[in-house]
Amino acid sequence: MAEKWMEQPIWDPIALAAQLRDITKQTQVLMRHFTPHEADAIKFGVGEWSMLGFDFFEFMTRMMTDPAVVARAQIGLFHNMVGIWQKTAVRLLMLRAREADIPKDKRFKHPEWSENAVFSFVKDSYLVAAASVLSAIREVKGMDEASARKVDFYTRQLVDALSPSNFVATNPEVLTATLASGGQNLLRGLENLLADLERGKGRLAITMTDMKAFRLGENIAMTPGKVIYQNELMQLIQYTPSTREVRRRPLLIVPPWINKFYVLDLQPKNSFIKWAVDQGHTVLVISWVNPDKQHAEKTFENYLLEGPLAALDAIESATGEHSVNAIGYCLGGTLLASTLAYLVAKGEDRITSVTYFATLVDFTEVGDMAVFIDEEQLAYLERRMRQHGYLEAHQMATTFNMLRANDLIWSFVVSNYLLGKKQVPGDLLFWNSDSTRMPAAMHSFYLRKMYHENLLAKPGGITLADTPIDLSKVRTPSFILATREDHIAPWKSTYAATSLYSGPVKFILSDAGHMAGVISPPGTKYGHWVNDDLPPSPDEWFVNAAPCQRSWWLLWDEWVTQFDEGRVPARDPGSGGLPIIENAPGSYVCVRSMAL
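Each residue of the sequence shown is one higher than the last, beginning at 1 in full-length UniProt numbering.
Note that these hints are calculated values from the structure, not bench results. If a hint is listed, it holds; no wrong ones were tucked in.
For lysine to any residue, the following SDA-like pairs were computed, each having C-alpha atoms within a straight-line distance of at most 25 Å:
#1 Lys269 to Ser551
#2 Lys293 to Ala310
#3 Lys449 to Leu403
#4 Lys269 to Asp511
#5 Lys421 to Leu175
#6 Lys492 to Asp539
#7 Lys506 to Asp539
Label-pair ranges, simulated between beta-carbon atoms:
#8 Asn219 to Tyr380: 33 to 43 Å
#9 Ala465 to Ser575: 28 to 38 Å
#10 Arg448 to Asp313: 28 to 38 Å
#11 Ser587 to Pro425: 16 to 26 Å
#12 Pro425 to Leu179: 24 to 34 Å
#13 Glu485 to Lys201: 29 to 39 Å
#14 Ala570 to Tyr380: 51 to 61 Å
#15 Glu582 to Pro535: 40 to 50 Å
#16 Glu382 to Arg592: 20 to 30 Å
For every residue, glycine included, the Cβ atom is placed at its ideal position computed from N, Cα and C.
All chains should be built: construct the whole structure from the sequences, respecting the hints.
Right, dumping it as structure tokens:
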């Protein structure tokens with residue numbers, strides 16, 4: 001019986017030849033676009049690749065001194081391949097096949113990868129070879145941790161790139177589409193590729209969603225509100241109440257400025273901001289500027305003074321309240337922790353409770369992000385930032401995408417360029433593609449003092465506005481949310497904060513990743529884990545944590561309610577001491593780093 005992949009639809013070879021001719025012409029256009037920008041186009045992320053050869057040279061030297069590593073890898077690979085050959089032979093002889101113990105991988109979710117003997121062999125061979133290569137690399141001893149991590153990371157990038165799912169000839173779904181459409185999928189794919197190169201001005205800017213499907217303030221970032229304050233670095237948005245009474249103490253949200261604030265206000269069904277407003281909070285959110293060369297000298301200290309501290313003064317003018325409940329997300333949480341330590345040093349009590357979403361303050365272990373941060377790469381990055389006065393948005397975005405390359409790079413390469421599909425609207429992917437720049441002075445300080453030297457976790461390690469920062473003196477009640485699959489702020493690293501602060505701490509672990517684990521409204525499929533004990537080890541915490549299959553938003557609202565200070569009549573934006581500047585989401589958030 002013939003395999004399914006051989007059951008081809010009737011197609012016209014003359015029409016197919018014409019399509020291939022068009023594809024050739026499009027390829028020539030593609031090369032003209034790519035060649036002038038080739039040097040920049042092959043750079044990925046914020047890393048400096050010129051030093052990578054030394055790390056691989058050291059790796060090869062270490063491996064050659066211990067040939068047993070290679071021998072074990074070869075023996076293991078041979079053993080696994082024998083099993084795959086046996087499975088394939090049985091299937092080709094049309095006997096009953098026993099499924100091999102191969103890990104599930106969504107790159108190979110198309111049925112032909114399992115049902116067709118040839119493609120099953122290709123898939124299984126790749127998976128065992130990839131596992132063998134990575135296992136051998138991790139067994140090499142004697143390398144320093146930083147070099148070993150780089151070799152492992154970039155080898156994984158190469159292994160992922162070589163997946164048979166990424167090539168026309170070895171992807172059954174692409175082959176079927178090519179024969180069924182007479183090559184139209186490849187022609188559309190080249191058109192998509194040309195469009196992405198055009199959008200990136202010669203650099204490949206992979207489209208992840210239908211970027212024209214969303215309009216800020218209309219069908220995304222649409223919670224009603226007003227901008228009531230602004231300075232060079234931020235606009236402060238006060239949202240319109242949806243309840244007759246509100247909690248007396250306002251809620252200030254400090255988002256990261258690596259991305260834009262509206263990850264917390266995507267659409268009504270998943271907007272944390274709208275949900276918090278509906279719970280009776282007077283919600284105020286910082287919307288950071290998308291910096292350009294005029295902001296080159298803005299420092300982390302400027303973000304402290306012109307961000308949370310300026311917002312606290314504006315909130316007091318607008319509501320009459322001296323203190324707030326505060327939330328910080330990712331880098332915004334790092335800034336918020338620094339703000340609390342600054343206020344403690346100044347003897348000011350303006351933040352009554354603090355919540356951290358996926359926030360690092362102890363950078364001892366930062367996962368794969370460490371690959372991009374060492375002295376040589378920081379020096380290279382600083383040279384590049386000096387050219388413009390900022391870190392280009394696409395560099396940081398590509399770095400984050402490389403941390404999940406199969407999901408955020410290769411899946412779109414296959415879908416966009418091989419299958420020639422149109423992108424469907426996705427609010428989170430739209431936000432993810434709306435990346436921002438980073439001021440040179442601020443970003444250099446952040447990467448060096450925090451990521452590289454881990455000085456924020458040390459009492460007096462950094463000084464902001466002539467004030468030594470000491471997190472251990474912070475007694476503010478803290479709610480720390482980590483996300484289990486976080487590739488940016490690994491949850492075990494965020495757990496380190498539980499032993500840094502002096503006040504009461506509640507630690508919650510949400511399911512999913514850096515964004516999906518936070519954007520987890522009631523009714524979500526993601527749950528969380530709770531353990532009121534805070535042992536020194538995150539692993540020990542998790543062993544004794546209780547799973548809870550509901551949104552952590554509800555748990556947080558129960559926790560923060562104890563700091564309400566009663567209820568007052570609803571506050572409309574502009575009714576206090578600050579006039580309305582413009583409607584939410586404001587003009588700062590609309591400044592894009594790249595054309596649609």
